[in-house]
Amino acid sequence: MPDATTLYLILPEITLAVFGMVILAVDLIWRERSRAALAWLTVLGFVIALATALLGWGWNMALFAQMYVVDTFAIFFKLLAAIAGILVTLVSLDYLRDRTPYRGEFLALFTFAVLAMMMMASSASLLMIYLSIEFLSYMSYLLTGFLREDKKSNEAAIKYFLYGAITSALMLYGLSLLYGISGSLNFADITATFAARNDVPTRIVALVSTALVIAGLGFKISLVPFHQWAPDTYEGAPTPVTAFLSVGPKAVGFAVLLRVLLTALPAFKNEWIALLTVISVLTMTLGNLVALRQKNVKRLLAYSSIAQAGYILIGLVSVNLNGASPFSGLNGVLIYLFAYLFTNLGAFTCVIAIENATGAVEIDDYKGLVKRAPFIAALFVIFFLSLAGIPPTAGFIGKFFVFGAALREGFLVLAAIGVINSVISVFYYFSVVRAAFFEAGKDTAPIRLAPPITFSLVVSAALVLVMAVYPEPFFNLAAWSMGMFGVAK
Amino acid sequence: MEIIVFYLFAAIAVIAALGVVGLRNPVYAALCLAVVFVSFAGLYVLLSAPFIAVAQVMIYAGAILILFVFVIMLLSPPVDQGEGALKWQKPLALGFVGALAVQLVLVLALAVLPSARGSLTPEVIAQRGDVQVVGAALFSDYLLPFEMTSLLLLVAIVGVIVLAKKR
Amino acid sequence: MLDRYGVVALFAFMAVLFPAIPLVFSWIIRPKKPNKSKTTTYECGLEFEDFPEEAQQVWVQFRVQYFLYAIIFVVFDIEAVFLYPWAVAYNALGLYALVEMVLFLGILILALAYAWRKGLLEWA
Numbered sequence: 108m109p110d111a112t113t114l115y116l117i118l119p120e121i122t123l124a125v126f127g128m129v130i131l132a133v134d135l136i137w138r139e140r141s142r143a144a145l146a147w148l149t150v151l152g153f154v155i156a157l158a159t160a161l162l163g164w165g166w167n168m169a170l171f172a173q174m175y176v177v178d179t180f181a182i183f184f185k186l187l188a189a190i191a192g193i194l195v196t197l198v199s200l201d202y203l204r205d206r207t208p209y210r211g212e213f214l215a216l217f218t219f220a221v222l223a224m225m226m227m228a229s230s231a232s233l234l235m236i237y238l239s240i241e242f243l244s245y246m247s248y249l250l251t252g253f254l255r256e257d258k259k260s261n262e263a264a265i266k267y268f269l270y271g272a273i274t275s276a277l278m279l280y281g282l283s284l285l286y287g288i289s290g291s292l293n294f295a296d297i298t299a300t301f302a303a304r305n306d307v308p309t310r311i312v313a314l315v316s317t318a319l320v321i322a323g324l325g326f327k328i329s330l331v332p333f334h335q336w337a338p339d340t341y342e343g344a345p346t347p348v349t350a351f352l353s354v355g356p357k358a359v360g361f362a363v364l365l366r367v368l369l370t371a372l373p374a375f376k377n378e379w380i381a382l383l384t385v386i387s388v389l390t391m392t393l394g395n396l397v398a399l400r401q402k403n404v405k406r407l408l409a410y411s412s413i414a415q416a417g418y419i420l421i422g423l424v425s426v427n428l429n430g431a432s433p434f435s436g437l438n439g440v441l442i443y444l445f446a447y448l449f450t451n452l453g454a455f456t457c458v459i460a461i462e463n464a465t466g467a468v469e470i471d472d473y474k475g476l477v478k479r480a481p482f483i484a485a486l487f488v489i490f491f492l493s494l495a496g497i498p499p500t501a502g503f504i505g506k507f508f509v510f511g512a513a514l515r516e517g518f519l520v521l522a523a524i525g526v527i528n529s530v531i532s533v534f535y536y537f538s539v540v541r542a543a544f545f546e547a548g549k550d551t552a553p554i555r556l557a558p559p560i561t562f563s564l565v566v567s568a569a570l571v572l573v574m575a576v577y578p579e580p581f582f583n584l585a586a587w588s589m590g591m592f593g594v595a596k
Numbered sequence: 219m220e221i222i223v224f225y226l227f228a229a230i231a232v233i234a235a236l237g238v239v240g241l242r243n244p245v246y247a248a249l250c251l252a253v254v255f256v257s258f259a260g261l262y263v264l265l266s267a268p269f270i271a272v273a274q275v276m277i278y279a280g281a282i283l284i285l286f287v288f289v290i291m292l293l294s295p296p297v298d299q300g301e302g303a304l305k306w307q308k309p310l311a312l313g314f315v316g317a318l319a320v321q322l323v324l325v326l327a328l329a330v331l332p333s334a335r336g337s338l339t340p341e342v343i344a345q346r347g348d349v350q351v352v353g354a355a356l357f358s359d360y361l362l363p364f365e366m367t368s369l370l371l372l373v374a375i376v377g378v379i380v381l382a383k384k385r
Numbered sequence: 012m013l014d015r016y017g018v019v020a021l022f023a024f025m026a027v028l029f030p031a032i033p034l035v036f037s038w039i040i041r042p043k044k045p046n047k048s049k050t051t052t053y054e055c056g057l058e059f060e061d062f063p064e065e066a067q068q069v070w071v072q073f074r075v076q077y078f079l080y081a082i083i084f085v086v087f088d089i090e091a092v093f094l095y096p097w098a099v100a101y102n103a104l105g106l107y108a109l110v111e112m113v114l115f116l117g118i119l120i121l122a123l124a125y126a127w128r129k130g131l132l133e134w135a
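Residue numbers (the numbering used here), protein chains in the order written: chain D, 108 to 596; chain G, 219 to 385; chain Z, 12 to 135.
Hints in this document: simulated from the structure, not taken from any laboratory. Beta carbons: idealized from backbone N, C-alpha and C, even for Gly. Check before you lean on any hint, since a few could be wrong.
[Stated by the list, open to error] Negatives, chain Z to chain D, calculated, CB over 12 Å:
(1) Tyr16
(2) Met25
(3) Leu28
(4) Pro30
(5) Pro33
(6) Ser37
(7) Ser48
(8) Lys49
(9) Gln76
(10) Tyr107
(11) Glu111
(12) Ile118
(13) Leu121
(14) Ala122
(15) Lys129
[What the hints assert, rightly or not] List time: in silico DSS-like cross-link candidates among lysine-lysine, alpha-carbon distance up to 30 Å:
(16) Z:Lys129 x G:Lys383
(17) D:Lys549 x D:Lys474
(18) G:Lys383 x D:Lys259
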């Protein structure tokens, strides 16, 4: 029976579940009259979830028969989830107004999506991992196909769903092997099993299941070769959903990957490092090379976000939790994800702002943008600098710690490939900037910004810059978040 | 005796599964799937999990299959005439099936798959009663996944109405 | 352990036998004089071949409503399955189990209310 402490620690989850249902109910009862209020109710829910997530800071408890862990690592990702929820809700207001009558449902489903993200971050059992990943996946499919009159949105959802169903079956097979071999769903027992038994059949089964789990999570994170859905889904989905998909599931996908690999499968570290190194190189290189040829900004950002996952993976490959070095790899992953969240959401918010005003998402349509919307054009430069990893931006700090960890662990070639890829990425990021600044466009009507979008743009841009200029609080946050990691047993 | 019943259910399941893949008419394939589900239920009984067996018949053979049939009727697909869109996929699929078959044979030949038993052994279940064991676990340790299931069902209904209902 | 299920097997056997016997029996004793009209799917006294092309098509497309009903049926079927272990374990768990099930049902009632309010339960 859950006691008061348990309920206290899962307050953010309870908050979001209640808010999701209340939004649904309010929309049912008052229909049209409540539309504007619902968005603010959603934001309020995320703010309360953010605050209640902070209440659990410093705790390290395994709840519900060890299935659900509330530690600082989980809370770090819950904060990310709530922040992403707030920003995406704000930017989705204008976008949805003309496109779907089901705005109340959108907000409710989106709240549940963020809830699923939080549950993924805390899951410490094979059952919870599978359930929460499926929960988030269903929400993602629904939100992707939300514009049902739009053929591209339908296509995007179907592709996403089919790909997701197959990879989740693969992952489920891997999880069932892990269960069969250890007789338990909990990570602690699985680790104990592998510590006690190290014969060849055990190792073979464990390696097969590790590969299968990486396949399932690789789909969420869009790692090569599980990335094919990403460009079409990102292009077809409603753009606020694309923004969410490019940061939310990716971040918690990394959270689950880290937790599974580091707390359930540490016995096979050498093997998964080898596998992930190859995947990282493929992901970075393929993402960047294909991005060079893109004409549609949403597709360009899709390939860019595939490449970004490759960089983040470098931090996971070079993870080393022994010693007090500032380059533990793990903190690189956390800092990078934090920087990437604001950067990518910011970049997509710019795209949404332009799409709201003109309906255009091709690079050619961005010609002469600096005359029409100097503010957006300037912010595009900041976000693209950050995505490319050029100082003084947050993206640089992220890359610094990730590549630094790789150098510390002696992965010189991997770090070099990462740097070369970053250089390649500059070309396509700046093809957009060049169109915006140095080419004349046909249309010259100024683009107006809605206040919520301006707000989230300013917040994102400010954090991207602040993180670069004054990074200590963010280092500390990352250090605290990993400080408790793996202690929960 | 048990081993005979096992082989009986297993044989029915395999033959029906071949029917699911092989039959050209999608409705026949769906009915074969029902047979697969029911024979799986028999296997679950042999594994001392009668509750799962009942759930299998009620949910899969009862509800999910009806869903499948409705989807087939909704789409009203032409009966598959064989040669057509899936030309180059066939050798690929055969390759995968071959690889899986080799894997299966290897596993059975080596018979070394390590495994561990959980705490709920057949003896415990026989002593306490199967449904009792499921209920006690579901409503104490597995409370969180249980309540999460209801949220999943809620969003399933909301989602299907948003995506599929006529305006 | 199988002996406990012997009676289930017997029931299943009888259930198959019961419709099979009259079918086989009538097949044996019936007169066999088929003609084209009799072998059509629906024999109603009219010549099937005289119908227009689209009326001869027996594969009709279902309305999407059936699918929505099927989904709702699945959801509440799953709920019903969860009620069995709850009822059995209720004595051991007491009030606490009641709270859990009320929460579970409450969420599903919201789902039902949603479907109702959206007009899913009306046919037209």
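Hint by hint, which ones does this structure get wrong, listed from lowest number up?
-> 10, 11, 12, 13, 14, 15
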